[in-house]
Amino acid sequence: GAVVSQHPSRVICKSGTSVKIECRSLDFQATTMFWYRQFPKQSLMLMATSNEGSKATYEQGVEKDKFLINHASLTLSTLTVTSAHPEDSSFYICSAHVPSGGGETQYFGPGTRLLVL
Amino acid sequence: AQKVTQAQTEISVVEKEDVTLDCVYETRDTTYYLFWYKQPPSGELVFLIRRNSFDEQNEISGRYSWNFQKSTSSFNFTITASQVVDSAVYFCALSEKAAGNKLTFGGGTRVLVKP
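Those protein sequence lines, which keep their order, are chains A and B.
Its first residue numbered 1, the first sequence is counted upward by one per residue in our numbering.
Its first residue numbered 1001, the second sequence is counted upward by one per residue in our numbering.
Bound-form chain A, shown alone:
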């Protein structure tokens, strides 16, 4: 299957700082990537759809000024959590959309655990 990487895998930061998370498709080009957030023992919730060369589409209730998404190339999307607060502590996972004959599949990165102190 397609390989998606995320960096960093784990980050601890102080409240008020900004954190950037990178999502890369390693062996394919991804025009569309997705960002999800997962709180402990809960399911994944879609935050936004990241489209190469255009603005991201945010899901209802997700603050676009707080979660900045940039998809500058066909292999890289970044999520920046601005002015992070303890309630932003979560597991952030990206995925890349891989079109294939007869359907589309999303392949996920390994995730980034964010802890805001």
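Fair warning: there could be bad hints in the mix.
Said to hold, decoys possible - Think about it this way: if two alpha-carbon atoms lie no more than 25 Å apart in a straight line, the pair counts; the simulated SDA-like pairs of lysine to any residue are:
hint, chain 1, residue 1, chain 2, residue 2
1, B, Lys1102, A, Met45
2, A, Lys55, A, Val19
3, B, Lys1070, B, Gln1002
4, A, Lys20, A, Leu76
5, B, Lys1102, A, Thr80
6, B, Lys1102, A, Phe91
7, A, Lys41, A, Phe28
8, B, Lys1102, A, Asp88
9, B, Lys1102, A, Val116
10, B, Lys1102, B, Asn1076
11, B, Lys1003, B, Thr1072
12, B, Lys1097, A, Arg113
13, B, Lys1102, A, Ile12
14, A, Lys20, A, Phe67
15, B, Lys1114, B, Thr1080
16, B, Lys1097, A, Glu104
17, A, Lys41, B, Pro1040
18, A, Lys20, A, Arg113
19, B, Lys1070, B, Asp1029
20, A, Lys41, B, Pro1115
21, B, Lys1038, A, Lys14
22, A, Lys41, B, Gln1008
23, A, Lys20, A, Glu59
24, B, Lys1097, A, Asn51
25, B, Lys1038, A, Val11
Bear in mind the hints are in silico, worked out from the structure with no lab data behind them.
Assemble the complex: chain A is given as a structure, and chain B must be docked to it using the hints.
Showing chain B alone in chain A's frame:
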């Protein structure tokens, strides 16, 4: 609106037992895709299977099998002869072509296989 329900939050079995995970979905689209993902303790989501709405054939892959029933809007997953390494959270997910292939996940079922 699309919706996925996994009624079982946690299942505990003893090694070598079979375990079936239920998944029921709701969609108004005629073209949609169903998925199962495995999330081990490390957190990474592992793709297991994709099924499109026009293909109701059941599938078997090793110890894994899937039963897709459009009549009951279900896409159940069975692990045969479970092993300790199968311990993980399993998510069923749905995407609709009309919704830009965004994934909607079920709540997940935690499977604990005891030796």
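Verification of the hints:
A hinted pair counts as satisfied when its Cα atoms are at most 25 Å apart, and Lys1102(B) with Met45(A) qualifies at roughly 11 Å. A threshold of 25 Å between alpha carbons decides the hint, and for Lys55(A) with Val19(A) the separation of about 20 Å falls inside it, so the pair holds. Proposed proximity of Lys1070(B) and Gln1002(B) is supported: the alpha carbons are some 15 Å apart, at most 25 Å. Only pairs whose Cα atoms come within 25 Å are accepted, and Lys20(A) paired with Leu76(A) is accepted, the gap being roughly 12 Å.
With a CA separation close to 21 Å, the supplied pair Lys1102(B) and Thr80(A) stays within the 25 Å bound. For the given pair, Lys1102(B) sits about 19 Å from Phe91(A) by alpha-carbon distance, which is consistent with the 25 Å threshold. For the hint linking Lys41(A) to Phe28(A), the alpha-carbon distance of about 31 Å lies beyond 25 Å, and the restraint is violated. Restraint check for Lys1102(B) and Asp88(A): the C-alpha separation of about 23 Å stays at or below 25 Å, so the hint holds.
Using a Cα cut-off of 25 Å, the hinted pair Lys1102(B) and Val116(A) is violated, with the two alpha carbons roughly 28 Å apart. About 21 Å separates the Cα atoms of Lys1102(B) and Asn1076(B), which keeps this hinted pair within 25 Å; it holds. Only pairs whose Cα atoms come within 25 Å are accepted, and Lys1003(B) paired with Thr1072(B) is accepted, the gap being roughly 14 Å. For the hint pairing Lys1097(B) with Arg113(A), the CA-to-CA distance comes to about 31 Å; that exceeds 25 Å, so the pair is violated.
A C-alpha spacing of about 30 Å is found between Lys1102(B) and Ile12(A), which places the hinted pair above 25 Å, so the restraint is violated. About 10 Å separates the Cα atoms of Lys20(A) and Phe67(A), which keeps this hinted pair within 25 Å; it holds. Between Lys1114(B) and Thr1080(B), the direct Cα distance comes to roughly 14 Å. Compliance with the 25 Å bound is thereby established for this hinted pair. A threshold of 25 Å between alpha carbons decides the hint, and for Lys1097(B) with Glu104(A) the separation of about 9 Å falls inside it, so the pair holds.
For a cut-off of 25 Å, the pair hint linking Lys41(A) to Pro1040(B) stands: about 12 Å separates their Cα positions. Between Lys20(A) and Arg113(A), the direct Cα distance comes to roughly 12 Å. Compliance with the 25 Å bound is thereby established for this hinted pair. Proposed proximity of Lys1070(B) and Asp1029(B) is supported: the alpha carbons are some 12 Å apart, at most 25 Å. Restraint check for Lys41(A) and Pro1115(B): the C-alpha separation of about 23 Å stays at or below 25 Å, so the hint holds.
Between Lys1038(B) and Lys14(A) the CA atoms are separated by roughly 32 Å; this puts the pair beyond 25 Å, and the hint is violated. For the suggested pair Lys41(A) and Gln1008(B), the alpha carbons sit about 14 Å apart, so the restraint of at most 25 Å is met. Straight-line distance between C-alpha atoms of Lys20(A) and Glu59(A) comes to about 20 Å, which keeps the hinted pair within the 25 Å bound. At roughly 16 Å between alpha-carbon atoms, Lys1097(B) and Asn51(A) fall within 25 Å of each other, so this suggested pair holds.
In summary, the hint linking Lys1038(B) to Val11(A) is supported, as the alpha carbons are separated by about 24 Å, within the 25 Å threshold.
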